[in-house]
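*Asks:* As a plain string of letters, each chain reads:
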Amino acid sequence: MFRFLFTKIALLLPTFFGVSVVAFTFIRMLPGDPVELLAGERGMTPERHAALMQQYGFDRPFWEQYLHFLGKVFQGDLGTSIVTKQPVLEEFLTLFPATVELSLCAMLFATLIGLPAGVIAAVRRGSFLDHSIMSVSLAGYSMPIFWWGLLLIIFFSGMLEWTPVSGRISLMYFFDPVTGFMTIDAWLSGEEGALASALHHLVLPAAVLGTIPLAVIARQTRSAMLEVLQEDYVRTARAKGLAPWRVVGLHALRNALITVVTVIGLQVGLLLAGAILTETIFAWPGVGKWVVDSISRRDYASVQGGLLLIALVVMVVNLCVDLLYGLVNPRIRYQR
Amino acid sequence: MTRPMHPLQEFWHYFRENRGAVAGLGFMVLLVLVALFADVIAPHAPDVQDRANFLKPPVWQEGGSWSYPLGTDAVGRDMLSRILHGTRYSLLIGIVVVPIALVAGVILGVLAGYFRGKIDVVISRAMDVILAFPSLLLALTLVALLGPGLMNAMLGISLVLLPHFVRLTRASVLSEASRDYVTASRVAGAGHLRLMFVTILPNCLAPLIVQATLSFSNAILDAAALGFLGLGAQPPTPEWGTLLAEAREFILSAWWVVTFPGLAILLTVLAINLLGDGLRDALDPKLKRS
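So the protein lines, in turn, are chains A and B.
Residues in the first sequence are numbered from 1 upward in steps of one, following the numbering used here.
Residues in the second sequence are numbered from 1 upward in steps of one, following the numbering used here.
Honestly, the hints are just simulated from the structure, not real lab data.
Mixed in with the good hints there might be a few duds.
Stated by the list, open to error - To give an idea of the chain A side of the interface with chain B (calculated C-beta under 8 Å), a few residues:
id	residue
1	M143
2	I310
3	A311
Every value quoted in this text rests on a predicted model; they were computed, and no experiment measured them.
Glycine included, C-beta positions come from ideal geometry on N, C-alpha and C.
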């Protein structure tokens, strides 16, 4: 197991260096003077410009600049936002819980509906129900979610007036963040109605972000179940006279889940790409909206830090999924 | 004695059985026709503003009229005409992006799979780096770097789609390279280039065709997303994502300016995905979805 762990981590190192090179060269490839871009000042005196050149290290050779950058990254220094003058890492960490909360709820929504739908479709294979579930999930898979979000706002916020249009909680509640998760903080604050308000704000964005994962999970569950249902041990379980729900629920689903869980885990990249759009539509203060705003504000230090940190998150989650998969499926562990 | 079917006949035989795929193909043919004849079909020019008719609702709603079947936008442009013209941009995006990603991806994948060793390591790790970024984030950053616009958005999306083609090609080349017919060809004196692109590559095409179809729909979705974020095609281009970006402020007052462009995106992507599923089943019975 440890060898498996080490090979997996060793494989990540070159990827991490590649990612850091991309983030590093990004600022230097932008048209315009990098000092002006990073400092956010215009019309500097030549002395000030020279001083900043030295401060940022632009007067040194390229590879030295890169090593310097990398050294700072390892110390947790990702530069300073030119708009808010805050350290980039700090900004990211403040906003990150909002994205995690949204993503977790989206995955919860997708799994709670997608898993049973996939199982039902597999068990009732070829029926009208199967065809309906698969058609709906193909439509979900093809969904432009930025449009889907707008449609849901028109319907639930505009016509029915059930849900708020944007934000994480109603403005009438105010409390200090403890965990960064609005639902938990609201619950901890003990203010009446705060938790309900937070959930109210969360449900629509989570449903939008969860739509594509929902479709993927339903499709994958169905095909994994179909495969497992043909296995000999399922036939044995049936022959023993077990109740159908036990055969499907205990014997088949548990084995199909190995594949499905991996599929769920590997959705992170897709989920974060979706979070960029969902957060923008619902004005959800997470890292996705932050990156988009940073790009439009030309806050390139933040974009650079965001690139690096988000790629790091994707890599770490994928590593965890890999390890988990190796843990539950020994056949993978001993390959090679 | 019956003659064996021609591969194309065989393909059509399997493809025809999948009704969804045939419907998808039909819709795509329709879209191509719309794109070609948009000037003739569309009732108005896409950028003509009618100052007497701002935000006019569609024909079946009170206040609508037949001269603007799907209503007008905030400056009095006909929604139907803009959406019909938008077909051109969406198809253009697919037609530009997919060949770039496909050709570059196939070349890199064949090199990696055929030569293995250091070349393989370098190419594969580089693809890992691209895959470490959420696709939309990388495309966004590239567009921020090159400047907003449809051309740069297409370049960004090509890069994001590249690794899938590389990995797919590399895997099939790896499995084909040790087959007897390749050895035979090598013994007969075929050079590297001939072995790679004439002997091996044609046997790896089926999964690549399916991937190209699915990439077509991804390209349209991503380009629309970039347009929606203001970094793709710029107004007044009637690209569907850009139409949605312009419509955002009217979501609670004029539902039609939001609904129809998105519906066009959804139907197009759905049709291509149906087509892709059908192609996969028809081209490779082994992969056939049960």
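*Asks:* Check each numbered hint against the structure and report the violated ones by number, ascending.
*Replies:* none
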